[in-house]
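Visitor: One-letter residues, chain by chain:
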Amino acid sequence: MTLNQTIMCLAAAALLAGCNSSTSTSESSAPSVIPEANAAGPIAFAPGLASALPSSEVRGWTPEGDPITGEVTYAPDVPAPIDRDYPAKVIIELETTEEVMEIADGTDYTFWTFGGAVPGKFMRVRQGDTVEFHLKNHPDSKMPHNIDLHAVTGPGGGATSTFTAPGHETVFTFQALNAGLFVYHCATAPVGMHIANGMYGLILVEPPGGLPAVDKEFYVMQGDFYTTGEYGAEGLQPFSMDKAIDEDATYVLFNGRVGALTGDNALKAEVGDKVRMFVGNGGPNLISSFHVIGEIFDKVYPEAGTRFQENVQTTLIPAGGAAMVEFEVEVPGTYIIVDHSIFRTFHKGSLGMLQVGGDEAPAIYSGQQSDTEYEAEPLK
Amino acid sequence: MKIFLLVLASMTTVGPGLWRPLYPAEGEEEITVPAFELDEAAVTHRQFLEFVQEHPEWRRDNVGSLFADEGYLDSWAGPGELGSSVGRGHPVSGVSWWAARAYCSSRDARLPTEAEWELAAQASTEEADASEDPEHLAQILAWYSRPGNQTDPVAHSEPNFWGVYDLHGQVWEWVDDYASALVANDNREDGTVDITRFCGAGAITASLKIDYAAFMRIAFRSSLQADSTTRNLGFRCARDLPKEAP
Amino acid sequence: MTSPRIVLMLLTVPLVLGITNCEEQVLPPDHVPGLDEPVEEVEPNEPAEAHADPHCDPDKEHLAASEPILGASVYQLDISLTDQDGETAALADFQGEPVVAALIYTTCTTACPMILNEVESIVDAVDEDGKPAKIKVLLISMDPERDTPEALKAYRDFHQLDERYVLARADEAQVREIAAVLGTRYRQLPSGDYNHSPVIALLDAQGQLTGRMEGFGQQRGELVERLRDLVE
Chain A
1 MTLNQTIMCL
11 AAAALLAGCN
21 SSTSTSESSA
31 PSVIPEANAA
41 GPIAFAPGLA
51 SALPSSEVRG
61 WTPEGDPITG
71 EVTYAPDVPA
81 PIDRDYPAKV
91 IIELETTEEV
101 MEIADGTDYT
111 FWTFGGAVPG
121 KFMRVRQGDT
131 VEFHLKNHPD
141 SKMPHNIDLH
151 AVTGPGGGAT
161 STFTAPGHET
171 VFTFQALNAG
181 LFVYHCATAP
191 VGMHIANGMY
201 GLILVEPPGG
211 LPAVDKEFYV
221 MQGDFYTTGE
231 YGAEGLQPFS
241 MDKAIDEDAT
251 YVLFNGRVGA
261 LTGDNALKAE
271 VGDKVRMFVG
281 NGGPNLISSF
291 HVIGEIFDKV
301 YPEAGTRFQE
311 NVQTTLIPAG
321 GAAMVEFEVE
331 VPGTYIIVDH
341 SIFRTFHKGS
351 LGMLQVGGDE
361 APAIYSGQQS
371 DTEYEAEPLK
Chain B
1 MKIFLLVLAS
11 MTTVGPGLWR
21 PLYPAEGEEE
31 ITVPAFELDE
41 AAVTHRQFLE
51 FVQEHPEWRR
61 DNVGSLFADE
71 GYLDSWAGPG
81 ELGSSVGRGH
91 PVSGVSWWAA
101 RAYCSSRDAR
111 LPTEAEWELA
121 AQASTEEADA
131 SEDPEHLAQI
141 LAWYSRPGNQ
151 TDPVAHSEPN
161 FWGVYDLHGQ
171 VWEWVDDYAS
181 ALVANDNRED
191 GTVDITRFCG
201 AGAITASLKI
211 DYAAFMRIAF
221 RSSLQADSTT
231 RNLGFRCARD
241 LPKEAP
Chain C
1 MTSPRIVLML
11 LTVPLVLGIT
21 NCEEQVLPPD
31 HVPGLDEPVE
41 EVEPNEPAEA
51 HADPHCDPDK
61 EHLAASEPIL
71 GASVYQLDIS
81 LTDQDGETAA
91 LADFQGEPVV
101 AALIYTTCTT
111 ACPMILNEVE
121 SIVDAVDEDG
131 KPAKIKVLLI
141 SMDPERDTPE
151 ALKAYRDFHQ
161 LDERYVLARA
171 DEAQVREIAA
181 VLGTRYRQLP
191 SGDYNHSPVI
201 ALLDAQGQLT
211 GRMEGFGQQR
221 GELVERLRDL
231 VE
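Residue numbers (this note's numbering), protein chains in the order written: chain A, 1 to 380; chain B, 1 to 246; chain C, 1 to 232.
Because the hints were derived from the structure by calculation, they are not lab data. Even for Gly, the Cβ is constructed at its ideal location relative to N, Cα and C. Don't take every hint at face value.
[Unchecked claim] Sample of chain C residues facing chain B (criterion: CB under 7 Å; computed from the structure):
#, residue
1, Ala72
2, Gly183
3, Arg185
4, Arg187
5, Leu189
6, Pro190
7, Gly192
8, Ala205
Chain A extracted, bound-state conformation (with noise of 0.2 Å):
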C-alpha cells in the first residue's frame, strides 16, 4: 500500500468517525493495560454469514466464563447492579419496531422502538465486558434501522456495522472501554426522524465495583414529539417534519407517553430511600433542565461523567446525553419531575412524579401550620 493510498484510508477512517460521539477519554477507571482503539471499520451487511463477524479478539480485557444473556429492562425500571468481578462476554438482543402507541389519552402515534417501548430498554454491562449486539429489525417495519450506541468505541458507535433492513438481524461486538452511562439511538436517514418517533434508550456501563448501593434506581428518559396536530388533538397524529426542523415541539415528555410517570405509573419511594435516577435525554432537539420540585440532588453526575457535584436544584441535561442524580427523600408526599422550561411541563406534557410513603418529618417540613389574613400598607 503507498503512502498516499493510506492517506486516503485515514482520511475516510476520518469522516465515517466525523459525527461519532462515543470517543470520550478513559480516566480513572482505564484499565492497566490502556487498550487500543477498536478497529472495526464498516462491516459488510452479509445476510447468512453470522460467522464472518469479528471474533471476539479483545484488546484490553478478555472475557472470562460462559456468555452470559445480558438483562434488559422497560422503563421506569433498571436491571439489578451486576455483581460480577470479572469482564464477561454479554449477548445483548434489541429489536426495532414501528407500532401505534398512545402518545396521550385519546391520541396515537407511530412509534419507532427499540424493544417496543419509548425509551429503548435499558442495558447494563460492565466496564470491559465484550459485548455482542444483536440488533433485528422487525419485518413489518417499513425502515431499515441501525443502532449507535455512544458506549461504543468504532465507526459510527455500530452504526455502521447495524444497518439492517427489515426482517433481518445484525451482529457486532464491542468492548465496553469507558465506564458511564450513554444514549444510545438509531442513526438512519433521516436521522432526526428515526429520533423523534423515539429511537433511543440508555446503555449503562458501570465501573468495576459497581456504583454506590442505593434503595431504589429508576430509568427516566425525555424526548420531544412534534405532530401535524396540537398538542392533545385526537386520533393517530402523523409526525411533524416541519415542526420538528423548527424545533417547534408539540409534546415534551417523559418515557414517551403523557403520563408515563403520574397516577398508578408514579415512581414509588419510602422515607429513608436513597434514589438514583439514570436521567436520558433523547432529544432529538431539546435541552432539559431536570428537576424535581422538592428536592435537592445529593449528588449530580452531570452529562454522566466520572465526577460528581453536590447540593444540584436542577441540573442541564443535553440532548443525546445523560446525568445520574442521586438523593435521599426525607419527606413522604408527592414529588413532581418537571423540565423546569417549565412551559414544556404544564403545556407539553413534561411531568412526572415520585410518590414517597412513610412516617412524616416535621422537623424537616411542617406542612402548612397556619392560613390567617394580615393588614396590608395600601399599593402607591
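Take the given structure of chain A and dock chains B and C to it, following the hints.
Guide: Relative to the frame of chain A, chains B and C by itself:
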C-alpha cells in the same frame, strides 16, 4: 386448461424529464431521463402467482437461496396459493430483486432504473415535477406514519401526472440499480462516504434537503441485498419506448 | 436476465406441483397444494419421482461436492466471461476450486489498487513456502466499455499476477448480477469512473459465498483462515 384471470398490465409513457439525485456526483446534478414506459400499477399478488405457476422455479419451495432469502413470498398460504389473508389485487411484496427481474423479463420488460422510478415518483396528480411542493412531500411522508404493512388494492388512489398509481403510500419498490443507492465512495475527499448509513450527514451534500422521503428511499435501498425480501417491498416493470416512437 | 437454469434442470416432477424440496416429499401422495389451483391440474406425486432432486436422495449424498449446483451457488448464474486473452468461459467453469473474487476496473486509481493489494496479501498468506495454493482469483471488471481484453492483459502483466489470477469482463447486465451476488455496490459517474464498495468475496468449490470483506484490513485474517480451510 388453466384459466388466465390475469389482466395484462398496462403501461404508460413517463418522461422525458429531469431528475436531481439527492447525492449528485460532479456532472450529475441534473440527469436527463429519456421517456420510457412504466407499469401504471404495481405488480399484484395475483399477477405474481400467475408468474410463479408458469415458472415454478420461482416458487418459494424451489427458489435457490442465492435468489431469495427466507422471507420470500412468506405471506402466501402456500408455495402455489395466496390464501385468504392475502389481497390478490394488492401489491405483491416479499419479492427479491432476482424474482422481480425474472417477472419483468417474462413480460419482455425490465425493472425501472432509480432515475426512471424517481422521475415518475416526483410527479403529483397535477405536476410532472412536484419535488419542491411541500404539500406533495407531506403527503408522501404521511405514509411513514401509517403503521405496519396494510395496503390497498392497486390503482385505488388517483393516478399521478403520468397516469401512474401508488408510487407512494403502498409499498417500497425495487429499482434495477438499487445497489447504486449507496456506495463507499472512491472519491473520499468529497465527504460522501457511507453517508446514509449513519448520522444522516446527508445534509452536507444532499441537493434537495427538504425531501425527507427521498432520504428514506435511499436509506431503504441501501439496506437491500439482491436476495432481500421484506413485507413492504414490491415492484413494477418498465420498458424502453418502442424505437419508432417520437 | 438470467434465470436459474440449473434449478430448472432439476425439475422433473410435474411443473404445477414443482416439488423439489425434501420436506414436501414426505407429504401424503394425495396432498393438494392449494385451493387456488384448479383441481384438474393437480396430479398425485408419483413415488417413483420422489427422488428427483439430487439434494434429497439419500443414496446420492456421497456425491462429490462439485456435482450438484446448490441453491446458494453463484454458478447458477448464466454468465459469460471474456478473459484477458480474449477467451470466453462461463462463470460456472470456475466450479471445483475455491475462488477469491472481486469487482474492479483497471483505470481506477484509488480503491482498486488497494483491493488488489488485499487480494494478493490474502493469497500470499495461504501459499505455503512458495507452494502456490490451488485456488483461482477472479477479478471482474465493472467497466466493460473501457476494459477490453487488451486492457485486462496489460493490467495483469503490469501487476505481475500469476496464472491463478483471471481478469475478466462481462456485459453490463451481467456485471450487475455478479455485483448482486458478491454484494458489491457500484455506480458509474458522469466522468466515466465508478463509485464502488471495496468487496472481496470468497467462494467455495461449489460457488457458495463463504466469506466476504468490505473495506480494508479488518477482516483479512478471517478470510485467510477460511481460504486455508477451503484449500485443505
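Visitor: Against each hint, give a clear statement of whether it holds in the structure.
Guide: Hint check results:
For C/Ala72, the shortest C-beta to C-beta distance to chain B is roughly 4 Å, which falls under 7 Å, so the interface hint holds. At about 6 Å, the closest approach between the beta carbon of C/Gly183 and any beta carbon in chain B falls short of 7 Å, and the interface hint on this residue holds. This hint holds: C/Arg185 has a C-beta 4 Å from the nearest C-beta of chain B, less than the 7 Å allowed. Satisfaction of the interface hint for C/Arg187 is found here, the shortest Cβ-Cβ separation to chain B being roughly 3 Å, below the 7 Å cut-off.
This hint holds: C/Leu189 has a C-beta 5 Å from the nearest C-beta of chain B, less than the 7 Å allowed. Using the Cβ-Cβ criterion of 7 Å, the hint placing C/Pro190 at the interface with chain B is satisfied: the shortest such distance is roughly 3 Å. This hint is violated: C/Gly192 has a C-beta 10 Å from the nearest C-beta of chain B, more than the 7 Å allowed. Residue-level restraint check for C/Ala205 is violated (minimum Cβ-Cβ distance to chain B is 16 Å; threshold 7 Å).
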